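Kindly produce the complete structure, drawing on both the sequences and the hints.
Position one of the sequence shown corresponds to residue 10 (our numbering), numbered consecutively onward.
It should be emphasised that the hints constitute simulated quantities derived from the structure, not laboratory data. Any given hint could turn out to be false.
[Said to hold, decoys possible] The calculated lysine-lysine pairs, modelled on DSS-like cross-linking and capped at a C-alpha distance of 25 Å, are:
#1 187 to 159
#2 171 to 204
#3 194 to 177
#4 86 to 177
#5 177 to 195
#6 194 to 171
#7 116 to 86
#8 159 to 131
#9 116 to 131
#10 116 to 201
#11 194 to 204
#12 89 to 35
#13 177 to 187
[Unchecked claim] The calculated label-pair distances, taken between Cβ atoms and stated as ranges, are:
#14 54 to 87: 34 to 42 Å
#15 171 to 56: 26 to 34 Å
#16 36 to 186: 41 to 49 Å
#17 186 to 124: 43 to 51 Å
#18 42 to 195: 24 to 32 Å
Keep in mind that this is a model prediction, so the values were computed, not measured. Where is the CB? At the ideal position from N, CA and C, for every residue including glycine.
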Amino acid sequence: MRYILVFLFLISSLFSFDKTHLQKLKETNSCIGCDLTNANLSGLDLQKANLSESDLSGANISLSNFAFGNFWGATLKNVKGINSNFRLANFEGSIISNSDFEDSIFKAVRFQFSEISNTSFKNANLWDALFQEATLNEVNMDGSRIAEAKFLENDLRTVSVKDVLGFKAVFEDSILNKEQCENLKKENVVFKNTKCE
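Spelled out as structure tokens, the structure:
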């Protein structure tokens, strides 16, 4: 029986965050390269937090304030980030998958060279966000505000953009499908060397 308990403890430790890392984040507002998998960061004020190269997979970061935060090179898989504030945060080079950021604020966020898949930004504020050479697969932006956002050198054919507010959003050197193009043209977006296939 003792061996079974030890085994279960070892298995559970493989799938949980490092408590010292979480404490460091709360005390210093910085945790670079930290293990925060499955951590509960919901409802926290972590404005200007530095989480670059950290693993937040499985974390609950809903209802939190990460404005001006640094998520450079961070991993966010299976993350729950509903109704949080990421205004002016840096997600450059991050990996985001199977996550939910519905109703969150990403105003002027940088997503250059990030990889985003199977993720929802439904009804989110993506005003002036920068998606430059980002990989976007099966991303839901329905009902979001993408006004003045910049999509540069992206393949967006699997991104859902129904009922978006897209005034002056720029799509440059990118690829869209015909349905997306028809929806976006109604929003006075700017197409520059962009294909509608």
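Each hint, compared with the structure:
Pair hint residue 187 plus residue 159 holds up; C-alpha atoms about 19 Å apart against a cutoff of 25 Å. Proximity of residue 171 to residue 204 is assessed by CA-CA distance (about 18 Å); at most 25 Å being required, the pair is judged to hold. A hinted pair counts as satisfied when its Cα atoms are at most 25 Å apart, and residue 194 with residue 177 qualifies at roughly 10 Å. Distance check on the hinted pair: residue 86 and residue 177 sit about 31 Å apart at the alpha-carbon level, beyond 25 Å; violated.
Between the alpha carbons of residue 177 and residue 195 the distance comes to roughly 11 Å, so the proposed pair stays at or under 25 Å and holds. Annotation: proposed proximity of residue 194 to residue 171 holds, straight-line Cα distance about 12 Å (limit 25 Å). A hinted pair counts as satisfied when its Cα atoms are at most 25 Å apart, and residue 116 with residue 86 qualifies at roughly 21 Å. The suggested pairing of residue 159 with residue 131 holds, with an alpha-carbon distance near 18 Å, which does not exceed 25 Å.
With a C-alpha separation of about 14 Å, the suggested pairing of residue 116 with residue 131 holds against the 25 Å cut-off. With a C-alpha separation of about 22 Å, the suggested pairing of residue 116 with residue 201 holds against the 25 Å cut-off. Our distance criterion of 25 Å between C-alpha atoms is met by residue 194 and residue 204, whose separation comes to about 13 Å. This hinted pair checks out: residue 89 and residue 35 have alpha carbons roughly 19 Å apart, not beyond 25 Å.
In summary, the hint linking residue 177 to residue 187 is supported, as the alpha carbons are separated by about 19 Å, within the 25 Å threshold. Taking the beta carbon of each, residue 54 and residue 87 are about 24 Å apart, not inside 34 to 42 Å as hinted. Judged by the Cβ atoms, the range 26 to 34 Å given for residue 171 and residue 56 holds: they are separated by roughly 32 Å. In this structure the hint that residue 36 and residue 186 lie 41 to 49 Å apart at CB holds, the actual value being about 48 Å.
The beta-carbon spacing between residue 186 and residue 124, approximately 20 Å, falls outside the hinted interval of 43 to 51 Å. Here the CB-CB span from residue 42 to residue 195 is close to 44 Å, at odds with the stated 24 to 32 Å.
Violation of the numbered hints given earlier is confined to hints 4, 14, 17 and 18; the remaining hints are satisfied by the structure.
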